[in-house]
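Participant: Assemble the whole structure, with the sequences as input and the hints as a guide.
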Amino acid sequence: MRVSDEQVTPELATTGRPPATGSAAVRLTDVSKVYRTGRTELLALDGVSLTAADGEFVCIIGASGCGKSTLLNLVAGLDKPTAGQVDTGGRKVGLMFQEPALFPWLTAGRNVELALRARGVPRAERRAQTAELLETVRLSGFGDKRPHELSGGMRQRVALARALAQNADVLLMDEPFGALDAMTRDLLHDELERICAQRSLTVLFVTHNVREAARLSDRVLVLSSRPGRVIAEYDVPRRGPRRIDSQEVAQVAATLTDRLREEMGRHGY
Amino acid sequence: MATDQALHGLDNLEVGLTTKAGFSPARLARKTWAAAWPKLLAVALVLVIWQLVHLTGWKNLVLKGPGTVLSDLWQLAQTGQLWAAIGVTMRRAVVGYVVALVIGSLIGVLVARIPPLRAALGSIITGLQTMPSIAWYPFAIILFAQGTAAIVFVMVMGAAPSIANGLITGVDYTPPLLLRAGRTMGLHGLALYRFLILPASLPAYVAGLKQGWAFAWRSLMAGELVVSIVGPPGLGVLLNTNQSNLDFAGATSVIIVILIIGIVVDMIFTKADTALRRRRGLLDPAVLG
Numbered sequence: 000m001r002v003s004d005e006q007v008t009p010e011l012a013t014t015g016r017p018p019a020t021g022s023a024a025v026r027l028t029d030v031s032k033v034y035r036t037g038r039t040e041l042l043a044l045d046g047v048s049l050t051a052a053d054g055e056f057v058c059i060i061g062a063s064g065c066g067k068s069t070l071l072n073l074v075a076g077l078d079k080p081t082a083g084q085v086d087t088g089g090r091k092v093g094l095m096f097q098e099p100a101l102f103p104w105l106t107a108g109r110n111v112e113l114a115l116r117a118r119g120v121p122r123a124e125r126r127a128q129t130a131e132l133l134e135t136v137r138l139s140g141f142g143d144k145r146p147h148e149l150s151g152g153m154r155q156r157v158a159l160a161r162a163l164a165q166n167a168d169v170l171l172m173d174e175p176f177g178a179l180d181a182m183t184r185d186l187l188h189d190e191l192e193r194i195c196a197q198r199s200l201t202v203l204f205v206t207h208n209v210r211e212a213a214r215l216s217d218r219v220l221v222l223s224s225r226p227g228r229v230i231a232e233y234d235v236p237r238r239g240p241r242r243i244d245s246q247e248v249a250q251v252a253a254t255l256t257d258r259l260r261e262e263m264g265r266h267g268y
Numbered sequence: 000m001a002t003d004q005a006l007h008g009l010d011n012l013e014v015g016l017t018t019k020a021g022f023s024p025a026r027l028a029r030k031t032w033a034a035a036w037p038k039l040l041a042v043a044l045v046l047v048i049w050q051l052v053h054l055t056g057w058k059n060l061v062l063k064g065p066g067t068v069l070s071d072l073w074q075l076a077q078t079g080q081l082w083a084a085i086g087v088t089m090r091r092a093v094v095g096y097v098v099a100l101v102i103g104s105l106i107g108v109l110v111a112r113i114p115p116l117r118a119a120l121g122s123i124i125t126g127l128q129t130m131p132s133i134a135w136y137p138f139a140i141i142l143f144a145q146g147t148a149a150i151v152f153v154m155v156m157g158a159a160p161s162i163a164n165g166l167i168t169g170v171d172y173t174p175p176l177l178l179r180a181g182r183t184m185g186l187h188g189l190a191l192y193r194f195l196i197l198p199a200s201l202p203a204y205v206a207g208l209k210q211g212w213a214f215a216w217r218s219l220m221a222g223e224l225v226v227s228i229v230g231p232p233g234l235g236v237l238l239n240t241n242q243s244n245l246d247f248a249g250a251t252s253v254i255i256v257i258l259i260i261g262i263v264v265d266m267i268f269t270k271a272d273t274a275l276r277r278r279r280g281l282l283d284p285a286v287l288g
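Protein sequence lines correspond, in order, to chains A and B. Those letters in the first sequence? Residues 0 to 268, by numbering that gives the first Met the number 0. Those letters in the second sequence? Residues 0 to 288, by numbering that gives the first Met the number 0.
Since the hints were made in silico from the structure, they are not lab data. Any given hint could turn out to be false.
Straight-line alpha carbon distances no greater than 30 Å define the calculated DSS-like cross-link-like pairs of lysine-lysine that follow [as the list claims (entries may be wrong)]:
| hint | chain 1 | residue 1 | chain 2 | residue 2 |
| --- | --- | --- | --- | --- |
| 1 | B | K209 | B | K270 |
| 2 | A | K79 | A | K91 |
| 3 | B | K270 | B | K38 |
| 4 | B | K58 | B | K30 |
| 5 | B | K209 | B | K30 |
| 6 | B | K209 | B | K38 |
| 7 | A | K144 | B | K30 |
| 8 | B | K270 | A | K144 |
| 9 | B | K209 | A | K144 |
Non-contacting residues of chain B with respect to chain A, defined by C-beta distances greater than 10 Å in every case (computed) [claimed, not checked]:
| hint | residue |
| --- | --- |
| 10 | A34 |
| 11 | L69 |
| 12 | F138 |
| 13 | L201 |
| 14 | L224 |
Since the model is a prediction, treat every value here as computed from it, not as a measurement. Ideal Cβ placement from N, Cα and C applies to all residues, glycine included.
Facilitator: Put into structure tokens, the structure is as follows:
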């Protein structure tokens, strides 16, 4: 569903293009999800269609109750849609949460190694690959530490290494930096950008933080609340490296904020 | 400033806060003393109160003072009899506990995995835990006749439910987020149990093992008092003999021995539990000191 938007700044155009038919890494077609508990039904997602092209960084923003986490669960295959299709073309999907969700009884290195093992990497290759993945997230010296000995940002990087260990082409991120301080988050934005470019990852990134969305995205989708629908879609063209404190990011963020407030207002008096 | 350098600096700032203190005998002695003095004080207090009661002359025909009892215990320790009795009892304890461990763990895994089995057995297991072990003995003696088998049976009835319940609780309280992480990683079926659910259950399982030990030990002591067994006497039989001879000092000595064994084994379980929690970052280092 594509809704034109009157408040678009000159730099920021809603996408006028038709639904992509070429190489989409992730394609959702008219996906609805209904949760039933007893006699009550909750429509979490209502006819959501979206695509993410190979190597594209797509942020999904929305107020509470927009079904963002439901959406990611569906793409990850952890849940089935009530109606519609979810298609990842057989690509491997990795998932990251706001909490690192590392196994506390394993060291950082072993956490990464377990993901390799689950995917059937032979023992002889696991050690080297683990070292390489830790190097990728710049945690080379910390493989022997247990999760509780690391800082929040470091734990999230171990979680990222673990997601990469699944050999994922598509990375689903559910507010992965939401619990981190601004300084760490800023550094991790740079890191994530570098890793995504290196590995040409397709990313669906859920966040509440409009600046984060403006900083990272190629494209931003705005979801409505109760039920979740795609109500707006913005292209954020790249003109070289971005900084979170740049004018460009601030402008995009302002547009997104306005659109979100409008949507929230719809649920007020 | 390059991102990687800033990031590396931040990592070192955040993790480098704790430095390991080297080993020093003085520190160890201080720590040992800090842990020991409250216990020693408690023991001393009990001895003082006991001595005072003894001095009032209450039931002074049978009630002996701590001095008499402790010297009696000392003498008992010189003879081989006490050590032989401890050996006999501990061998039974190990056999009974291991059987309870195997059966309890097996039931725990099955009940946790198979919903109909849980519906059928879940509340029975909890019910069994409230059953006083002594009440099983008439049943056990009819079934197995007088002998070690009856005691082992009652130990299992006492300990296995606790062990099973510990495991079931552990499985139930596996954090859903970890399950989600495990499933996206591609863990399912047996691998999910082996790499995620069982390790996640370990702390609750150890708590169940500890409680199971307490039940097994109680059942064993009751059994040695109630069941008559041919062969070398265990601690319970020693206690029974002392009772028949109205030997207060002897009976109290054996009780002290039973108490000490119980405390020592409990300490081992507590140590294991603490080590486990420390590895997982579940202990507040400030509390530990």
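Participant: Each hint needs a verdict: does it hold in this structure or not?
Facilitator: Now for the hints, and whether the structure bears them out:
1. K209/B with K270/B: holds (11 Å)
2. K79/A with K91/A: Satisfied, since the Cα-Cα distance of roughly 17 Å is no more than 30 Å.
3. K270/B with K38/B: Roughly 17 Å separates the two Cα atoms, so the pair holds.
4. K58/B with K30/B: Distance ~42 Å between K58/B and K30/B Cα, so the pair is violated.
5. K209/B with K30/B: holds (25 Å)
6. K209/B with K38/B: holds (21 Å)
7. K144/A with K30/B: holds (26 Å)
8. K270/B with K144/A: holds (22 Å)
9. K209/B with K144/A: Cα-Cα ~29 Å, so holds.
10. A34: At about 24 Å from chain A, A34/B clears the 10 Å cut-off, so the statement holds.
11. L69: holds (45 Å)
12. F138: holds (41 Å)
13. L201: violated (7 Å)
14. L224: holds (42 Å)
Taken one by one, the earlier hints fail for this structure at numbers 4 and 13, listed in ascending order.
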